[in-house]
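Undergrad: Each chain is listed here by its residues.
2 protein chains.
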Amino acid sequence: MSAKLGIIAGGGDLPRAVAAGARADGREVFVIGLTGSLDEGDDWIGDFPHEVMSPGAPGRAFKSFRREGVTDILLAGKVDRPDFSSLKLDMKGVLLLPRALKAARQGDDALLRFLVAMFEEEGFRAIGVAEAAPGLVCGEGVLGRHTPDDAHRADMERGFAIVKALGALDVGQAAVVCEGLALAVEAAEGTDRMIERVATLRQALRGTPRQRRGVLVKALKPTQDAKTDMPVIGVATVERAAAAGLAGIGLEAGGALIVDKALVAAKADALGLFVAGVKL
Amino acid sequence: MSAKLGIIAGGGDLPRAVAAGARADGREVFVIGLTGSLDEGDDWIGDFPHEVMSPGAPGRAFKSFRREGVTDILLAGKVDRPDFSSLKLDMKGVLLLPRALKAARQGDDALLRFLVAMFEEEGFRAIGVAEAAPGLVCGEGVLGRHTPDDAHRADMERGFAIVKALGALDVGQAAVVCEGLALAVEAAEGTDRMIERVATLRQALRGTPRQRRGVLVKALKPTQDAKTDMPVIGVATVERAAAAGLAGIGLEAGGALIVDKALVAAKADALGLFVAGVKL
Numbered sequence: 000m001s002a003k004l005g006i007i008a009g010g011g012d013l014p015r016a017v018a019a020g021a022r023a024d025g026r027e028v029f030v031i032g033l034t035g036s037l038d039e040g041d042d043w044i045g046d047f048p049h050e051v052m053s054p055g056a057p058g059r060a061f062k063s064f065r066r067e068g069v070t071d072i073l074l075a076g077k078v079d080r081p082d083f084s085s086l087k088l089d090m091k092g093v094l095l096l097p098r099a100l101k102a103a104r105q106g107d108d109a110l111l112r113f114l115v116a117m118f119e120e121e122g123f124r125a126i127g128v129a130e131a132a133p134g135l136v137c138g139e140g141v142l143g144r145h146t147p148d149d150a151h152r153a154d155m156e157r158g159f160a161i162v163k164a165l166g167a168l169d170v171g172q173a174a175v176v177c178e179g180l181a182l183a184v185e186a187a188e189g190t191d192r193m194i195e196r197v198a199t200l201r202q203a204l205r206g207t208p209r210q211r212r213g214v215l216v217k218a219l220k221p222t223q224d225a226k227t228d229m230p231v232i233g234v235a236t237v238e239r240a241a242a243a244g245l246a247g248i249g250l251e252a253g254g255a256l257i258v259d260k261a262l263v264a265a266k267a268d269a270l271g272l273f274v275a276g277v278k279l
Numbered sequence: 000m001s002a003k004l005g006i007i008a009g010g011g012d013l014p015r016a017v018a019a020g021a022r023a024d025g026r027e028v029f030v031i032g033l034t035g036s037l038d039e040g041d042d043w044i045g046d047f048p049h050e051v052m053s054p055g056a057p058g059r060a061f062k063s064f065r066r067e068g069v070t071d072i073l074l075a076g077k078v079d080r081p082d083f084s085s086l087k088l089d090m091k092g093v094l095l096l097p098r099a100l101k102a103a104r105q106g107d108d109a110l111l112r113f114l115v116a117m118f119e120e121e122g123f124r125a126i127g128v129a130e131a132a133p134g135l136v137c138g139e140g141v142l143g144r145h146t147p148d149d150a151h152r153a154d155m156e157r158g159f160a161i162v163k164a165l166g167a168l169d170v171g172q173a174a175v176v177c178e179g180l181a182l183a184v185e186a187a188e189g190t191d192r193m194i195e196r197v198a199t200l201r202q203a204l205r206g207t208p209r210q211r212r213g214v215l216v217k218a219l220k221p222t223q224d225a226k227t228d229m230p231v232i233g234v235a236t237v238e239r240a241a242a243a244g245l246a247g248i249g250l251e252a253g254g255a256l257i258v259d260k261a262l263v264a265a266k267a268d269a270l271g272l273f274v275a276g277v278k279l
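In the order they appear, the protein sequences are chains A and B.
By numbering that gives the first Met the number 0, the letter at position 140 of the first sequence is numbered 139, and the numbering carries on one by one without gaps.
By numbering that gives the first Met the number 0, the letter at position 195 of the second sequence is numbered 194, and the numbering carries on one by one without gaps.
Think of the hints as simulated: they come from the structure by calculation, not from any bench.
There's no promise every hint is true.
A pair holds if it fits inside one copy or across any two, identical chains being indistinguishable in the list.
Restricting the straight-line Cα-Cα distance to at most 25 Å, the calculated cross-link-like pairs of lysine to any residue (SDA-like) are [said to hold, decoys possible]:
1. Lys62 with Gln202
2. Lys87 with Leu204
3. Lys62 with Pro208
4. Lys163 with Thr222
5. Lys101 with Ala153
6. Lys266 with Pro48
Computed from a predicted structure; not experimentally measured.
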């Protein structure tokens with residue numbers, strides 16, 4: 000039987016999917032929701048034993064996990080970089096803040112790596128989504144019934160090259176390419192805002208829901224630790240890509256997560272987009 | 000005396016500044032304004048001998064330049080990628096279209112290189128802004144009275160690394176970095192839209208006009224031919240950066256242009272931003 004899993008949950012659909020996937024896999028789960036990152040009004044956390052606390056209270060998190068008999072831990076979901084000047088800190092938080100600030104200055108991945116290291120130093124074992132809920136990992140091949148053509152494959156190739164180059168500098172993990180032209184590249188705004196702005200570009204450069212052109216790609220950053228943070232899409236991503244006139248979504252097989260695969264496939268089929276996992 | 004200069008003018012302030020700079024440098028100038036790219040209602044072109052024509056009419060452009068005795072030519076300003084399917088073509092345009100389409104598929108720089116090659120094959124000599132109007136080139140050092148501190152210099156260094164990596168893939172030539180975090184990276188939306196979206200990020204990540212943080216950087220793409228297309232800033236760029244709460248602007252010395260240096264320095268001084276040229 001697998002060890003009890005502690006999930007430190009940020010925003011988005013991923014923490015719910017991981018918790019449900021791990022439970023389906025036969026694991027007991029305990030969730031710590033982070034204030035400021037956990038989606039407000041989102042009550043999936045109520046389905047699991049849980050506590051909600053400030054990201055500045057690591058001492059409380061260690062204590063709760065130990066009390067619950069948690070041995071494996073996992074960070075999932077969007078964790079917003081906190082405003083360190085107004086963060087509520089417990090004693091451990093005060094002690095760890097200088098290292099957190101130093102890591103934060105090096106980028107988001109460095110900050111996440113620090114958070115994982117912090118739990119590992121306390122004796123917990125950090126595992127990744129691929130281990131906790133392997134059904135979420137994107138495989139190779141096409142999901143659903145639409146398939147990319149040669150031009151889409153060329154755009155995916157260019158998109159992956161862009162994301163890998165940017166990722167090596169810990170910038171973003173997504174881009175949109177249309178017939179060779181990089182329409183949008185992700186930085187701090189996140190994938191959703193990036194997709195949305197494609198629709199604001201001149202129409203000659205992009206597709207429309209009637210005439211789909213261009214692809215969204217997401218891939219693991221070379222600096223990114225698959226244990227802590229993998230690119231993720233879900234039904235809402237497909238809907239946004241469709242609204243922006245894109246023809247499809249290309250994901251790094253083994254390097255990206257799909258929340259609710261069956262629903263994603265059904266939505267992509269209904270809207271006329273492909274979703275392809277590509278081995279890089 | 001310098002040879003007569005033919006300027007193929009796109010949008011923005013650069014073509015005007017180049018035409019005025021070249022004339023001040025003692026050159027005769029003839030301007031061809033490109034429909035679809037030239038700013039509408041902008042009548043600077045009326046101050047120079049000129050014609051306005053479609054980017055699909057290269058035959059007409061060659062003829063006009065020859066009639067005017069133009070030997071050196073220069074492309075300046077934003078040239079929007081045309082909608083090739085609705086482009087009005089002259090005979091030369093029809094003949095050259097397949098090569099233009101092929102170049103366009105490889106990115107904007109490839110398209111510009113093709114346009115320059117097209118004029119060179121007709122016997123014209125393509126020159127760069129640095130030769131036609133050397134006063135526009137950004138030098139090393141600070142313009143105005145505000146200076147970057149060590150944190151700003153670190154952000155500029157990170158920004159230049161991002162722009163050079165992206166530029167090698169012909170993506171963009173600008174980025175915004177704030178305390179190590181890449182807030183925005185430029186693709187097809189252009190520098191103006193990129194700066195504007197910084198102000199839409201969560202306030203913890205960015206500065207404000209009251210507490211300026213973060214820097215805009217612009218640098219020459221490694222794929223970019225300094226003859227055809229250099230990054231450029233002007234007074235409006237300083238105003239946009241100021242509105243987005245940025246602390247300053249870092250430019251590649253020798254690899255970027257400043258339109259109206261004295262006005263840019265005065266505006267940056269008034270708004271509290273630095274403008275720094277950095278030798279890369």
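Undergrad: Take the hints in turn and mark each one as holding or not.
TA: Going through the hints against the structure:
1. In this assembly of identical chains, lysine 62 and glutamine 202 lie within 25 Å of each other by CA distance neither inside one copy nor across copies; the values are 55 Å within and 32 Å between.
2. In this assembly of identical chains, lysine 87 and leucine 204 lie within 25 Å of each other by CA distance solely across copies; the values are 18 Å between and 46 Å within a copy.
3. When the C-alpha separation of lysine 62 and proline 208 is checked against a cutoff of 25 Å, the pair qualifies neither within a copy, at 51 Å, nor between copies, at 42 Å.
4. Proximity of lysine 163 to threonine 222 under the C-alpha cut-off of 25 Å is found in both arrangements, the shortest distances being 9 Å within a copy and 18 Å between copies.
5. In this assembly of identical chains, the alpha carbons of lysine 101 and alanine 153 lie at most 25 Å apart only when taken from different copies (14 Å versus 40 Å within one copy).
6. Proximity of lysine 266 and proline 48 under a CA criterion of 25 Å is satisfied in neither setting, with 31 Å inside one chain copy and 57 Å between copies.
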